[in-house]
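Here's the letter readout for the chains.
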Amino acid sequence: MSKDLSVDVSPESLKEDGRPKWDNKFQYILSCIGFAVGLGNVWRFPYLCQIHGGGAFLIPYFIALIFEGIPLLHLELALGQRLRRGSIGAWNTISPYLGGVGVGSWMVSVLVSLYYNTVLTWVMWYFINSFQEPLPWSVCPLNENRTGLSEECYESTAVNYFWYRKTLNITPDVTENGTLQWWLVLCLAACWGIVYLCTIRGIETTGKAIYVTAIFPYLVLTIFLIHGLTLPGATEGLAYLFTPNLNILKNPRVWLDAATQIFFSLSLAFGGLIAFSSYNPPKNDCEKDAVTVAIVNCMTSLYASIPVFSVLGFKATTGYWDCLDRNIISIINKFDLPEQSIMRQNYTIWIRLLNSSYPEKIAGLKLKSCDLQEFLDQSVSGTGLAFIVFTQAVILMPGSQAWAILFFIMLFSLGLSSMFGNIEGVFTPLLELQIISKSTPKELITGIICLISFLIALCFTLGSGSYWIDIFDSYAGSLPLLVLAFFEVTGIAYVYNIKRFSKDVKWMTGRQPNLYWQITWRFISPLLLLIVFVAFVAIQIQKPPSYAAWNPKYEDFPMKEEKVYPPWVLAICMLLAVLPCIFVPLVALFHLIKRMLGSKDPRSNLLWWKKLQESMSCDLTG
Amino acid sequence: MLRVLLLAFSVVAVAHAELCKPDAQNAFKVRLSIKAALGDNAYAWDANEEYLFKAMVAFAMRRYSSKSTTQISNVLLCNVTDRVSFWFVVTDSTKNVTTVPGSEVEAAIRMNRNRINSAFLLNDKTLQFLEISSTLSPPVESSTPVWLTVFGVVLCLTVAGIVFLIVSGIQRHKKKSKESSETENLEEKCEVTVTIENGIPCETLDSKAGHVNGVYAADDERFTSL
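Protein sequence lines correspond, in order, to chains Z and G.
Read in order, the letters of the first sequence are residues 1 to 622 in the numbering used here.
Read in order, the letters of the second sequence are residues 623 to 848 in the numbering used here.
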């Protein structure tokens, strides 16, 4: 077609349509990586690796990456870059019947932004509490009349108490709302303030902020890696993580988890990636970008699991040693043996000796059986990993304040860079809809979005807030994305036509997408998404949705109480899952009806044609 | 004479043995973990240390009830093990062969726990009186919690940043509107400064004149039809 414009042309000369631009390509790549790399890379991937056979999990993970992750990522980046619009506008342009996909993506971005920032609120709360000596989650507070430790804290652990009582002030049931926790409200306001500060002028400010928020986590991960490897017990943790158990591959659940993890980890179908790439110059190698972002995301997951598991191994080893030490003290006290006569190394010999000579005395001591495997097996993911397990491990390290501060700043940066993508996914399509006039300053629009989101997110600072966040995460942030991605791929492949799309990509990158892309876009990815979707739904409906409640009055406390959601909560769950997806058929139906009613008017077609041509003329010439 | 003395001595010894034995009335068990507390600097537990212990208990009894005339010889130790643990009991100096009530001993020890601990370079955990619970120290509460201070810093920085960006945005907007009112108003779809597209200036692609790009007019099937 025409001579290629080089990618690194200075910003001024290409601002034909007034669309904001990335300062340079590195900013764009970093934003995409920051969006993809989030909290899940740190607290979900290592957990999956651990429970699904260690190193063996990497096999389904990489297969899912190659056949599902990279094709979808390339599709979204190419789409945004070609059409230079946010998700709603882009899908409307592809086909008005597919406009619902854009609206659905926008809806999901809104829902996820609401609760994601509340998770960041928790991180910020822990961060500002890390400046105390001693760390507030390391000691139990005294009870009201100062005769002993607080009972709830004494029965569980200080770390659990600080998370469930001091942070969340959690209610025993999802129906009990409790009150607004003022400290969380303050932190939520600060978090939304920070998000506003960084996204105030769209990518102009996000692009600058991303240099810090995307690169800083890698620095901290490296520091933790080096420190973690020097901790005692780190090698046990790492061996436990990476020892492959190939038998696990026979379990279909493993493949499903790998596919969903890749999918959610790359933040597909949010519309954020489309928004990011829409600010690119039209001739940019999106194929290379897609492969780069996907590989960096996976490598980050692997890289993050090393310090996580070193620390977990350290924690398990310390717990094991504590268990042994407690048993040793009991034995020494009971038998009045001299101190340090029983060490950890000869513990088993002594136990056998004493058991043969004084079995009743030993039985009377009620010694706990100490097994390192059991400690290592305590696998946690999600908020439990960060706020309970990791905080406990940090107390055991010398200089715990510094480690806690570093850890929580890292989590905050990881989450913040993902929030940028979410906010862009909300912000960019809104700018393009005709409802907002062009003269309103961007600062005002972002301010209003952040303010409204803050007010709605106050619900998550109630006593039952964390239960609601789990609901949102499981229903709004999972199923609709699969549906939307399926329609994305099939829409491009069969409605827009893959040949046309390949021509567009060739125009942008300079080479025809090869066989790998053709096959994955046409057949493999849609099929894989369909299978994953069906399997996902099948597993969800197998048992009634339940949740684990923290109830101090529960008889098995500190175990969590398994409760079932009441019907009205289930209705909300269904609504959250269905709402974004419903737009796809609704919008298609709307346009079908409109066409059937207005099909006799020839001008309506021409008007739409002219509008499209005008908007595309500047960036398509040349 | 000697036989009388011997008899008296044995009677006292037997009496003492009766008074101080494990689980005797008003007797307390003490457990020390010297190696755990001091590591390499640990001292050995010998008769001198026992003497110091008796002295500390006598001291505690004297301080507690100022009228008390407890002597070191009133404090009896027995059943010293390698652990190091032993039982002790305090006899009443005024009445013969009776022990001071356990509650008094407990109160006296509690009052002077700190002094007793420091004499042996130990603390409540490593010098245990097994039936005398130690009073828990009140938590250290500062007037403003530390986290509020840090939060204040974070919030101030954020608000300062937002105000700065908004103000600079307003200034930029004012400057731009002043500039655009000075230059002539060009209502082109493509902006003036950005004009070169592949060597063809944008003005020639003047959409005001309603130029339809010939490439598209023919390329009908490029766009999805409704």
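Careful: at least some of the hints might be erroneous.
What the hints assert, rightly or not - Derived DSS-like pairs: lysine-lysine, alpha-carbon spacing no greater than 27 Å straight-line:
| id | chain 1 | residue 1 | chain 2 | residue 2 |
| --- | --- | --- | --- | --- |
| 1 | Z | Lys-361 | G | Lys-800 |
| 2 | G | Lys-651 | G | Lys-717 |
| 3 | Z | Lys-334 | G | Lys-747 |
| 4 | G | Lys-657 | Z | Lys-368 |
| 5 | G | Lys-747 | G | Lys-651 |
| 6 | Z | Lys-334 | G | Lys-797 |
| 7 | Z | Lys-366 | Z | Lys-553 |
| 8 | Z | Lys-543 | Z | Lys-563 |
| 9 | Z | Lys-366 | Z | Lys-560 |
| 10 | Z | Lys-442 | G | Lys-796 |
| 11 | G | Lys-798 | Z | Lys-21 |
| 12 | Z | Lys-334 | G | Lys-717 |
| 13 | G | Lys-717 | G | Lys-643 |
| 14 | Z | Lys-250 | Z | Lys-442 |
| 15 | Z | Lys-442 | Z | Lys-543 |
| 16 | G | Lys-643 | G | Lys-657 |
| 17 | G | Lys-747 | G | Lys-643 |
| 18 | G | Lys-657 | Z | Lys-366 |
| 19 | G | Lys-657 | Z | Lys-361 |
| 20 | Z | Lys-442 | G | Lys-798 |
| 21 | Z | Lys-208 | G | Lys-747 |
| 22 | Z | Lys-438 | Z | Lys-288 |
| 23 | G | Lys-651 | Z | Lys-21 |
| 24 | Z | Lys-334 | Z | Lys-21 |
| 25 | Z | Lys-368 | G | Lys-651 |
| 26 | Z | Lys-208 | G | Lys-797 |
| 27 | Z | Lys-334 | Z | Lys-25 |
| 28 | G | Lys-676 | Z | Lys-208 |
| 29 | G | Lys-797 | Z | Lys-442 |
| 30 | Z | Lys-283 | Z | Lys-594 |
| 31 | Z | Lys-334 | Z | Lys-368 |
| 32 | Z | Lys-21 | G | Lys-643 |
| 33 | G | Lys-657 | G | Lys-676 |
| 34 | Z | Lys-366 | G | Lys-796 |
| 35 | Z | Lys-438 | G | Lys-747 |
| 36 | Z | Lys-503 | Z | Lys-25 |
| 37 | Z | Lys-361 | G | Lys-643 |
| 38 | G | Lys-657 | G | Lys-717 |
| 39 | Z | Lys-438 | G | Lys-643 |
| 40 | Z | Lys-21 | Z | Lys-366 |
Read the hints as simulated data drawn from the structure, not as lab findings.
How the hints compare with the structure:
1. Z:Lys-361 to G:Lys-800: violated, 93 Å
2. G:Lys-651 to G:Lys-717: Holds, at about 23 Å.
3. Z:Lys-334 to G:Lys-747: holds, 17 Å
4. G:Lys-657 to Z:Lys-368: holds, 24 Å
5. G:Lys-747 to G:Lys-651: Answer holds: G:Lys-747 to G:Lys-651 is near 14 Å, not above 27 Å.
6. Z:Lys-334 to G:Lys-797: Roughly 84 Å between the alpha carbons, so the hint for Z:Lys-334 and G:Lys-797 is violated.
7. Z:Lys-366 to Z:Lys-553: holds, 26 Å
8. Z:Lys-543 to Z:Lys-563: holds, 12 Å
9. Z:Lys-366 to Z:Lys-560: holds, 25 Å
10. Z:Lys-442 to G:Lys-796: holds, 15 Å
11. G:Lys-798 to Z:Lys-21: At roughly 18 Å apart (the allowed maximum being 27 Å), Z:Lys-21 and G:Lys-798 satisfy the hint.
12. Z:Lys-334 to G:Lys-717: violated, 35 Å
13. G:Lys-717 to G:Lys-643: Cα-Cα ~20 Å, so holds.
14. Z:Lys-250 to Z:Lys-442: violated, 53 Å
15. Z:Lys-442 to Z:Lys-543: Violated, at about 47 Å.
16. G:Lys-643 to G:Lys-657: holds, 26 Å
17. G:Lys-747 to G:Lys-643: holds, 24 Å
18. G:Lys-657 to Z:Lys-366: holds, 25 Å
19. G:Lys-657 to Z:Lys-361: holds, 25 Å
20. Z:Lys-442 to G:Lys-798: holds, 15 Å
21. Z:Lys-208 to G:Lys-747: violated, 54 Å
22. Z:Lys-438 to Z:Lys-288: Violated, because 34 Å separates the two Cα atoms, which is more than 27 Å.
23. G:Lys-651 to Z:Lys-21: violated, 79 Å
24. Z:Lys-334 to Z:Lys-21: Distance of about 75 Å is beyond 27 Å: violated.
25. Z:Lys-368 to G:Lys-651: holds, 26 Å
26. Z:Lys-208 to G:Lys-797: holds, 23 Å
27. Z:Lys-334 to Z:Lys-25: violated, 70 Å
28. G:Lys-676 to Z:Lys-208: violated, 72 Å
29. G:Lys-797 to Z:Lys-442: holds, 16 Å
30. Z:Lys-283 to Z:Lys-594: Violated: Z:Lys-283 and Z:Lys-594 sit about 36 Å apart, past 27 Å.
31. Z:Lys-334 to Z:Lys-368: holds, 15 Å
32. Z:Lys-21 to G:Lys-643: violated, 88 Å
33. G:Lys-657 to G:Lys-676: Holds. G:Lys-657 to G:Lys-676 sits at ~21 Å (cutoff 27 Å).
34. Z:Lys-366 to G:Lys-796: It is violated: about 79 Å lies between the C-alpha atoms, which goes past 27 Å.
35. Z:Lys-438 to G:Lys-747: With a Cα-Cα distance of about 71 Å, the restraint between Z:Lys-438 and G:Lys-747 is violated, given a limit of 27 Å.
36. Z:Lys-503 to Z:Lys-25: Given pair Z:Lys-503, Z:Lys-25 holds - Cα atoms ~23 Å apart, limit 27 Å.
37. Z:Lys-361 to G:Lys-643: holds, 21 Å
38. G:Lys-657 to G:Lys-717: Roughly 39 Å separates the two Cα atoms, so the pair is violated.
39. Z:Lys-438 to G:Lys-643: The hint is violated at about 94 Å.
40. Z:Lys-21 to Z:Lys-366: Status violated; Cα separation ~69 Å.
Consistency with the previously given hints fails for numbers 1, 6, 12, 14, 15, 21, 22, 23, 24, 27, 28, 30, 32, 34, 35, 38, 39 and 40, ordered from lowest to highest.
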